[in-house]
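**Q** Quick note, the sequences are listed as chains V and S, same order. The first sequence maps to residues 1 to 321 in my numbering. The second sequence maps to residues 1001 to 1255 in my numbering.
These aren't lab readings, by the way, just hints derived from the structure by calculation. In this text the structure is predicted, and so the values were computed from the model without any measurement. Each residue gets a CB set at the ideal place from its N, CA and C atoms; glycine is no exception. There's no promise every hint is true.
[To be verified] Subject to a maximum C-alpha distance of 30 Å in a straight line, what follows is the list of computed DSBU-like cross-link-like pairs (lysine-lysine):
| hint | chain 1 | residue 1 | chain 2 | residue 2 |
| --- | --- | --- | --- | --- |
| 1 | V | Lys294 | S | Lys1149 |
| 2 | S | Lys1149 | V | Lys317 |
| 3 | V | Lys316 | S | Lys1149 |
| 4 | V | Lys163 | V | Lys30 |
| 5 | S | Lys1135 | V | Lys163 |
| 6 | S | Lys1132 | V | Lys312 |
| 7 | S | Lys1094 | V | Lys311 |
| 8 | V | Lys256 | V | Lys312 |
| 9 | V | Lys163 | S | Lys1132 |
| 10 | V | Lys294 | S | Lys1094 |
[What the hints assert, rightly or not] If you anchor each label on the Cβ, the simulated ranges turn out as follows:
| hint | chain 1 | residue 1 | chain 2 | residue 2 | range |
| --- | --- | --- | --- | --- | --- |
| 11 | V | His108 | S | Gly1230 | 40 to 48 Å |
| 12 | V | Ala12 | S | Glu1039 | 41 to 49 Å |
| 13 | S | Asn1174 | V | Asn300 | 33 to 41 Å |
| 14 | S | Leu1231 | V | Leu123 | 34 to 42 Å |
| 15 | S | Tyr1245 | V | Glu287 | 16 to 24 Å |
| 16 | V | Gln102 | S | Tyr1245 | 37 to 45 Å |
| 17 | V | His263 | S | Ala1127 | 57 to 65 Å |
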Amino acid sequence: MTPQDQVVDIDALETEFQERIDAEKKIEPKDWMPEAYRRTLIRQISQHAHSEVVGQLPEGNWITRAPSLRRKAILLAKVQDEAGHGLYLYSAAETLGSSREQMVDDLHAGKAKYSSIFNYPTLSWADIPAIGWLVDGAAIVNQVALCRTSYGPYSRAMIRVCKEESFHARQGFEGMLALARGNEAQKKMCQDAINRYWWPALMMFGPSDADSPNSAQSMKWKIKRFSNDELRQKFVDQTVPQIEYLGMEVPDADCKWNEERGHYDIGEMPWEEFFAVIKGHGPCNHERLQARQKAHDEGNWVREAALAYQKKQADKKQSVA
Amino acid sequence: MSELTQQDALFTYTLRLADNALILGHRLSEWCGHGPFLEEDIGVINTALDLLGRCRMLYSYAGEVEGKGRDEDDLAYHRDEREFTNYLLMEQPKGDFAYTTIRQFYADVWNLHFYTELCNSKDETLAAIAKKVVKECRYHFRHNAEWVKRLGDGTEESIQRMNDAIAEASRFVNEMFEMDDVDQMMVDAGIGVDLNEVKAKWIASVDEVFAEATLQRPEPEYDRSGGRLGLHTEQLGFLLAEMQYVQRCHPGLQW
């Protein structure tokens, strides 16, 4: 085959690939795919997996201090779910030829990103239900869209994740409602958590469409099905009435219902903060990575011992046989 | 001192079991997000959740037996160090993964044999709780026995860490088999479990797993005791301060 033939072949494969996408057929691990599609997916899925794992930290911060045994059990179960999501998202990324070890190394080296929301600290108990409700709520809006994403294993992982996330969001809202109906201290805690998590939650949808460099290609490949701004709007529209139901305030003086558009308008997002957190300069970026690295380093001897034991057992079996 | 009634004894007996589950589960939950790898993070949280569920059933029942209107949260969050009755082993800091594994394994073996016997209790509620709990205990025992073997027969470092952990935990072991008036009254009434029998089974199970793990079970130079009288190590106060602080700052509220 001459190099010329190869170019032609790839063109043909790419056309066929795009036709499959346009026909809403799922791409499976053994199918041919453009290298850039594979790289985009590895980046996105591993980021998602890292987010689940790093996301254990801010919530885990309150497990030992949960104010009732019932809330403690709910929180523990939620964090366990997140770890489980991390596990099956890593597996989905592995179907694209990336190893978990490599992905984890990239996270620790600061090469791979995770959701910026987890770089904010959990400072009071109210932050826990607020995260369940706002952060999982925003994640669901993103992930419901991803249930129809073009890559089969990712789409199937999302369907499962969404079921559990919507459970978390409901539990989170119920926890906020308990605070909103409580005494002055609880109400204050509740409003303060909303104030601190409102903008970071909106920023979970990424930069505005005008500043989102990877979006167009991802939309064409149907990895993404809706734009960042469309998804953000959907979240705002569903969440503002919930804040009102709680009797709390939206921390945005410009947030108003726009009759003409049939949507809520919001004020200018704090983009400077958004890009600072992405760059690693958020309140907890340093601590989150440090904690992950420490857990990994301190687990080295455990993983080594497990492998050594496995080898010894295999050798024993062999010598018996 | 007034005479111990059977109802007092049943309350104390149930409360002790609940305290052990709560405090051990608390220590285990400290690993959440910090485990040696993701699968084990999930495993540890799972066991912590089982222990938490167990303490909730036991506290609720203890509150009922006591009859003073205290619920699970009153008992977990509004008692001081001197009123907690868990064994000292349960409150020790989580240490490294070797210490967590050994402590958990010792507790698992105790729980397995204890709750297996408690299934025959004449107290219907305790028997019903035990029947639920014993299924988890079997699973915890299997899971941790595997870890004891892996780490005990793994690398030079893991073997050293396991031996250090065993040495560190050994002085707290015999407390788990002490019998006092409450135990005796419960055994006599056909409600409780004879801890001498649990001890014999505990030693046999631990030795069996240790033999496979190429580990030795040392006889402690001396025993520490007192948890059931509320005479704890200095560790428990910090644990409770952390665990109880929201409830204590804002008492009497719904969360």
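**Q** Run every hint past the structure and note whether it holds.
**A** Verification of the supplied hints:
1. V:Lys294 / S:Lys1149: Holds, because 25 Å separates the two Cα atoms, which is no more than 30 Å.
2. S:Lys1149 / V:Lys317: Status holds; Cα separation ~16 Å.
3. V:Lys316 / S:Lys1149: Answer holds: lysine 316 (chain V) to lysine 1149 (chain S) is near 15 Å, not above 30 Å.
4. V:Lys163 / V:Lys30: holds (27 Å)
5. S:Lys1135 / V:Lys163: holds (28 Å)
6. S:Lys1132 / V:Lys312: violated (36 Å)
7. S:Lys1094 / V:Lys311: The hint holds at about 29 Å.
8. V:Lys256 / V:Lys312: violated (67 Å)
9. V:Lys163 / S:Lys1132: holds (28 Å)
10. V:Lys294 / S:Lys1094: holds (16 Å)
11. V:His108 / S:Gly1230: 40 to 48 Å: holds (44 Å)
12. V:Ala12 / S:Glu1039: 41 to 49 Å: Because 42 Å falls inside the window, the suggested range holds.
13. S:Asn1174 / V:Asn300: 33 to 41 Å: About 34 Å separates the Cβ atoms of asparagine 1174 (chain S) and asparagine 300 (chain V), which means 33 to 41 Å holds.
14. S:Leu1231 / V:Leu123: 34 to 42 Å: holds (36 Å)
15. S:Tyr1245 / V:Glu287: 16 to 24 Å: holds (21 Å)
16. V:Gln102 / S:Tyr1245: 37 to 45 Å: 41 Å Cβ-Cβ, so the 37 to 45 Å window holds.
17. V:His263 / S:Ala1127: 57 to 65 Å: holds (59 Å)
Comparing the model with each earlier hint shows violations of hints 6, 8; every other hint is respected.
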